[in-house]
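Engineer: Sequence:
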Amino acid sequence: MRLPDLALRSLDQALEQLAEGRFEVCWHGLVFTFWNNVPMPAPAPALTPLPPSEPVTPLTMAPVAGFTVQQVELGYQGLAALFSEAEPTASIGPQGPAICLRSVSSDADVPKSTASDVDATADDQPAADLNDSDQGTGSSADTPNAEQQTPASTAPPGASEAPVDSDPSAAGPTHGGTLVRPMQPEMAGTTSTPGTVKAADPDRKPESSTGTETGAHVEPAKTASEQAAAKPPFPVPERLLIGTRGGGEPVYWHFGDARLANRHLLVFGTSGSGKTYGIQCLLAEMACAGLRSLIIDYTNGFLPGQMQPRFQGVANPKSHFVRTERLPLNPFRLQRQVLDPSVPEIEEGSYEVATRIESIFASVFELGDQQSAAMIRSLQSGLDLDPAFSLDALLPRLRGDSPQGETLANKLEPLIQSRPFREGVESAWEEMLTAPEYRVHVLQLAGLAREIQKLVTEFVLWDLWDYAQSSGTEQRPIPIVLDEIQNLDHSSDSPIDKMLREGRKFGVALMLATQTTSNFNSSQRDRLFQAGHKLFFKPATTEIDRFAQILAQATQGVSKADWGQRLAKLEKGQCWSLGPVLRADGSFREEAVLVSVTALEQRGFEG
Numbered sequence: 016m017r018l019p020d021l022a023l024r025s026l027d028q029a030l031e032q033l034a035e036g037r038f039e040v041c042w043h044g045l046v047f048t049f050w051n052n053v054p055m056p057a058p059a060p061a062l063t064p065l066p067p068s069e070p071v072t073p074l075t076m077a078p079v080a081g082f083t084v085q086q087v088e089l090g091y092q093g094l095a096a097l098f099s100e101a102e103p104t105a106s107i108g109p110q111g112p113a114i115c116l117r118s119v120s121s122d123a124d125v126p127k128s129t130a131s132d133v134d135a136t137a138d139d140q141p142a143a144d145l146n147d148s149d150q151g152t153g154s155s156a157d158t159p160n161a162e163q164q165t166p167a168s169t170a171p172p173g174a175s176e177a178p179v180d181s182d183p184s185a186a187g188p189t190h191g192g193t194l195v196r197p198m199q200p201e202m203a204g205t206t207s208t209p210g211t212v213k214a215a216d217p218d219r220k221p222e223s224s225t226g227t228e229t230g231a232h233v234e235p236a237k238t239a240s241e242q243a244a245a246k247p248p249f250p251v252p253e254r255l256l257i258g259t260r261g262g263g264e265p266v267y268w269h270f271g272d273a274r275l276a277n278r279h280l281l282v283f284g285t286s287g288s289g290k291t292y293g294i295q296c297l298l299a300e301m302a303c304a305g306l307r308s309l310i311i312d313y314t315n316g317f318l319p320g321q322m323q324p325r326f327q328g329v330a331n332p333k334s335h336f337v338r339t340e341r342l343p344l345n346p347f348r349l350q351r352q353v354l355d356p357s358v359p360e361i362e363e364g365s366y367e368v369a370t371r372i373e374s375i376f377a378s379v380f381e382l383g384d385q386q387s388a389a390m391i392r393s394l395q396s397g398l399d400l401d402p403a404f405s406l407d408a409l410l411p412r413l414r415g416d417s418p419q420g421e422t423l424a425n426k427l428e429p430l431i432q433s434r435p436f437r438e439g440v441e442s443a444w445e446e447m448l449t450a451p452e453y454r455v456h457v458l459q460l461a462g463l464a465r466e467i468q469k470l471v472t473e474f475v476l477w478d479l480w481d482y483a484q485s486s487g488t489e490q491r492p493i494p495i496v497l498d499e500i501q502n503l504d505h506s507s508d509s510p511i512d513k514m515l516r517e518g519r520k521f522g523v524a525l526m527l528a529t530q531t532t533s534n535f536n537s538s539q540r541d542r543l544f545q546a547g548h549k550l551f552f553k554p555a556t557t558e559i560d561r562f563a564q565i566l567a568q569a570t571q572g573v574s575k576a577d578w579g580q581r582l583a584k585l586e587k588g589q590c591w592s593l594g595p596v597l598r599a600d601g602s603f604r605e606e607a608v609l610v611s612v613t614a615l616e617q618r619g620f621e622g
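In our numbering, the protein residues as written are 16 to 622.
Simulated from the structure, these hints should not be mistaken for laboratory data.
Where a beta carbon is used, it is the ideal one built from N, C-alpha and C, also for glycine.
Honestly, I wouldn't trust all of these hints.
FRET-style restraints, in silico, Cβ to Cβ [unchecked claim]: (1) 250 x 428: 41 to 51 angstroms; (2) 449 x 620: 15 to 25 angstroms; (3) 531 x 340: 44 to 54 angstroms; (4) 560 x 408: 48 to 58 angstroms; (5) 576 x 328: 22 to 32 angstroms; (6) 338 x 575: 42 to 52 angstroms.
Result set (SDA-like, lysine to any residue): computed pairs, CA atoms no more than 25 angstroms apart in a straight line [to be verified]: (7) 469 x 287; (8) 333 x 320; (9) 426 x 411; (10) 520 x 363; (11) 469 x 508; (12) 587 x 569; (13) 426 x 412; (14) 246 x 491; (15) 575 x 607; (16) 584 x 260; (17) 587 x 286; (18) 333 x 499.
Input sequences plus hints: build the corresponding full structure.
Structural biologist: Written as structure tokens, this is what we have:
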């Protein structure tokens with residue numbers, strides 16, 4: 016609805032005064048209690064006056080006569096009616112006097128024309144033209160609901176409804192720039208008189224309260240998505256150059272396109288086929304776009320001496336040698352479980368921590384039922400008795416539990432003696448992913464025994480998943496590189512499983528490389544192949560048949576035998592890219608394209 020010219024001029028003047036610091040802010044106290052086990056279709060309001068000695072708000076240091084905190088109770092039927100499209104209930108709003116705060120400027124010279132202009136608007140125009148709103152005068156005489164205004168007797172002594180540009184001394188009691196103004200009650204069906212207390216019906220309340228009832232403002236717990244949204248976003252490159260096809264046309268991983276199912280990349284190929292070089296090229300593209308990434312290196316493929324000099328010049332990777340530096344990670348930290356990004360997180364208990372850690376050890380060692388039970392018992396009892404429980408304290412508990420615990424302690428002793436974790440500290444993922452200087456961080460597991468490398472990797476992935484749930488969004492992508500993934504845990508509810516299935520909403524972008532698919536069962540292969548983009552470098556001879564079968568199922572018109580021949584002919588640095596290809600009309604179509612990976616020196620990186 017377009018305001019009349021006179022009202023528009025008044026609005027302009029009001030906005031000018033606001034910009035100059037001449038304004039008034041009013042507030043009420045309103046508390047809602049919702050019962051999910053009591054019908055209560057109609058709201059039950061009650062007004063509670065504050066004790067005279069209680070300060071009302073940080074905005075005023077003195078109590079204000081007549082000010083009340085309104086409590087409104089509503090059952091599940093009434094709550095449902097609030098959202099009913101057929102017969103919604105009337106709006107629920109505050110009653111009684113409000114506490115109003117003037118700015119210092121508004122107490123000084125305010126042009127008298129402002130109030131008169133607004134009043135003239137109310138006189139000259141129908142009430143509907145003003146959208147039934149108070150235009151800053153504080154008067155309710157011209158509003159359609161004037162008959163519902165709070166009676167003058169309910170206002171505190173000396174309070175008035177003077178316009179904001181009037182002498183503040185005439186508006187009633189003030190303190191620190193505050194004044195009291197009666198407000199119009201908006202509660203449908205309310206019969207309570209402002210300033211009185213309505214006794215609650217003792218038969219109405221349930222014996223065990225499941226609602227929320229408080230007279231003080233409590234900051235609600237932030238959900239995972241709200242916590243993540245409060246952090247600055249990471250750069251999201253729209254596309255990353257993989258290489259060129261036969262005619263010289265570029266082929267991209269459309270990393271930032273919202274139409275992609277996920278940002279996971281699956282890279283197949285035997286040792287020496289060029290897959291590690293191709294990953295370095297993509298990480299360099301991310302680095303140039305300002306996006307940081309993480310590499311968990313348990314294959315020695317990303318040691319400083321193994322990385323390309325041009326990649327090091329572009330990405331400036333920082334290597335963290337776990338053998339000497341130890342990870343700033345507490346394996347016993349209570350992590351947060353996110354049932355849904357829209358609801359607050361649930362912190363783990365000691366049993367959840369114990370079962371999670373037991374699953375890590377079970378993924379590396381073969382544990383019988385009795386050993387698993389001994390592990391969970393020892394972990395849970397230790398965590399219950401000591402919040403600072405550590406790996407060092409686990410061994411004596413296992414040995415004192417049972418003969419099975421003694422056997423298990425012997426298996427775990429090499430890990431515990433290697434001391435890979437700097438316990439008692441929080442993880443450093445946020446620091447790494449926002450580091451201004453280093454654009455790639457490499458967790459180097461070289462020097463650790465193979466089994467310890469795998470255990471540490473699983474601990475790291477669980478901690479990363481916890482971080483992603485609390486800090487990651489689609490606008491904060493977290494690229495994570497894992498090579499030789501056939502050696503990791505892919506069971507249901509493992510961190511890799513969770514990242515593959517749920518990672519997109521938390522920003523996780525896995526870059527997974529493997530030489531073989533023979534270690535995966537059918538459900539694990541299905542999960543892996545849901546990756547949004549796949550690169551097939553030359554496979555080992557024993558893997559050609561499996562890779563050919565994957566490509567034959569994903570494409571039309573090319574047989575498995577033909578794909579086997581194509582894969583066998585690949586040269587180092589060549590791969591088949593299977594992923595979305597942007598067409599001329601702007602749509603995507605999944606295609607298999609033969610790509611020659613563009614060399615780092617030919618990518619036009621600065622510096």
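Engineer: Evaluate each hint against the coordinates.
Structural biologist: Comparing the hints with the structure gives:
For the pair residue 250 and residue 428, the supplied restraint of 41 to 51 angstroms holds, since their beta-carbon distance comes to about 44 angstroms. At roughly 22 angstroms, the beta carbons of residue 449 and residue 620 sit within the given window of 15 to 25 angstroms. Restraint check, residue 531 to residue 340: a C-beta distance of roughly 32 angstroms breaks the suggested window 44 to 54 angstroms. One distance hint, 48 to 58 angstroms for the beta-carbon pair residue 560 and residue 408, holds here, with the actual separation near 50 angstroms.
Residue 576 and residue 328 have their C-beta atoms about 44 angstroms apart, which leaves the hinted 22 to 32 angstroms range violated. At about 45 angstroms, the beta-carbon gap between residue 338 and residue 575 stays in the expected band of 42 to 52 angstroms. Our distance criterion of 25 angstroms between C-alpha atoms is met by residue 469 and residue 287, whose separation comes to about 23 angstroms. Pair hint residue 333 plus residue 320 holds up; C-alpha atoms about 13 angstroms apart against a cutoff of 25 angstroms.
A hinted pair counts as satisfied when its Cα atoms are at most 25 angstroms apart, and residue 426 with residue 411 qualifies at roughly 13 angstroms. A threshold of 25 angstroms between alpha carbons decides the hint, and for residue 520 with residue 363 the separation of about 21 angstroms falls inside it, so the pair holds. Proximity of residue 469 to residue 508 is assessed by CA-CA distance (about 17 angstroms); at most 25 angstroms being required, the pair is judged to hold. Pair hint residue 587 plus residue 569 holds up; C-alpha atoms about 23 angstroms apart against a cutoff of 25 angstroms.
About 14 angstroms separates the Cα atoms of residue 426 and residue 412, which keeps this hinted pair within 25 angstroms; it holds. Annotation: proposed proximity of residue 246 to residue 491 holds, straight-line Cα distance about 9 angstroms (limit 25 angstroms). Taking the CA atoms of residue 575 and residue 607, the gap is about 14 angstroms. The hint holds against a cut of 25 angstroms. Proposed proximity of residue 584 and residue 260 is supported: the alpha carbons are some 16 angstroms apart, at most 25 angstroms.
Under the criterion of a C-alpha separation no larger than 25 angstroms, the hint pairing residue 587 with residue 286 is consistent with the structure, at around 10 angstroms. This hinted pair checks out: residue 333 and residue 499 have alpha carbons roughly 21 angstroms apart, not beyond 25 angstroms.
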